[in-house]
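K.L.:
Sequence:
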Amino acid sequence: MSRPVITIAPEESLAEARGLMVKHEIRRLPVVEDGRLVGIVSDRDVRTAWPSTATTFAAHELGYLVDRLAIREVMQPNVLTVTPYTRLEEAARLLRDRKIGGLPVVSGAQVVGIITETDIFRAFQEVIGSGWGCRLEPGWGCRLEAGWGCRLEVELGPGRDALGEVLGLLRSHGAVLVSLDTLPGTEAGGRTLDMTVKTGTPDSIVSALERSGHKVLTLNMATGYPTSPAQPMVLVVVDGTAQSEHVVRVACRLASEHGVLPRVLLVVPPGSHAPDLRIDPADPRCFDEIIGGLLAAFRDIGDKYQVRVDTEFRSGDPMEEVRAELAHGVYSFVIVGKRSPHHHLGLLHLDVEKDDLPARLEVESPVPVLLVTPGMDS
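Take the position in the sequence shown, starting the count at 1, then add 88; the result is the number in our numbering.
Incorrect hints may have been included.
[To be verified] For lysine to aspartate or glutamate, the following EDC-like pairs were computed, each having C-alpha atoms within a straight-line distance of at most 20 Å:
1. K392 - E333
2. K286 - E298
3. K286 - D269
4. K303 - D282
5. K426 - D444
6. K426 - E452
7. K303 - D249
Quick caveat, the hints were computed from the structure, so don't treat them as lab data.
With the sequences and hints as input, model every part of the structure.
P.N.:
Laid out in structure tokens, this is it:
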């Protein structure tokens, strides 16, 4: 769970709630009165109650309205809670079944924390042993920094003690097993292992497993970058403009024709977003929902080309973020849209700094750069 928990009193204003959410980068606030939980208010509640800019009210009148509207009037009074001793899987089930994003954690009458979807995802990452970093070299010859690891999916060979044999191979190569899960195999009665391993020589482990009759289905480094000598990677840089989907379509067509794996990096300059951003005044979606929609659209494009598309969003200086991504050393080339003249981030109504990222990439990128123009065939 997350703690200490940020709370708000029922007599506080709507503006105060939004200010707390922005300041602490959270999406929900337990409402506490005299030390007792009396409700919860989410960012959606705030957005729904927030006066629309598509009104005849003047700015000072809108400010007066949000200062006068109390949290008691917009909060959800019936709150589902858990205790510090509730099992994680039970909390996850409640979040899923009730279609909610967070559960206040209550001990006695006191709110001691809150468990959210993010906490569940973080716990899941810890269970499977993800979140490490690594340095990658082409092909299976992956060399990890000391103490880092990789994730293996292995189809067990025949034999009653196949699992014991795999564990023995890991031990003989000095590897440390961080997590292990068993799944049904591709053949009746078969088993597949999904395991995270702490090792500096994953290539030797793969070879030993294959020699022993086990089939290594996938090898993924801890950062989530798959490594395979048959599938090079391409970094696709987009900024959320109308041209972005065209750039992704071009990348997916090339990926389909040449067998490369596209990874789409959506970068928005810092300080360019706030929870109350709208596509238009009638659209209640917040910034996170818009970004999520964009990433989903990119993945849908990949589905149409029968190409798996990895997506990631970052807020930061575009050139710095791209430079950091290329530093992993796993990309064969970069695809980026060529914009001329510079224009704003139309979908989000954000201004993009007038810095010619494509031109800088052509000069600074350690790998070749493909510039996608609006007229390029996708």
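K.L.:
K426 and D444 were given as a pair; does the straight-line alpha-carbon distance stay at or below 20 Å?
P.N.:
OK: K426 and D444 at ~9 Å, within 20 Å.
K.L.:
Holds or violated: K286 and D269, Cα atoms, limit 20 Å.
P.N.:
OK: K286 and D269 at ~15 Å, within 20 Å.
K.L.:
Given the hint that K303 pairs with D282, test it: the Cα-Cα distance must not exceed 20 Å.
P.N.:
12 Å, holds
K.L.:
Holds or violated: are the alpha carbons of K303 and D249 at most 20 Å from each other?
P.N.:
16 Å, holds
K.L.:
Quick one, are K426 and E452 close enough, alpha carbons at most 20 Å?
P.N.:
16 Å, holds
K.L.:
Is K286 close enough to E298, meaning Cα to Cα at most 20 Å?
P.N.:
19 Å, holds
K.L.:
CA of K392 to CA of E333, is that 20 Å or under?
P.N.:
13 Å, holds
In this structure, none of the earlier numbered hints is contradicted; all agree with it.
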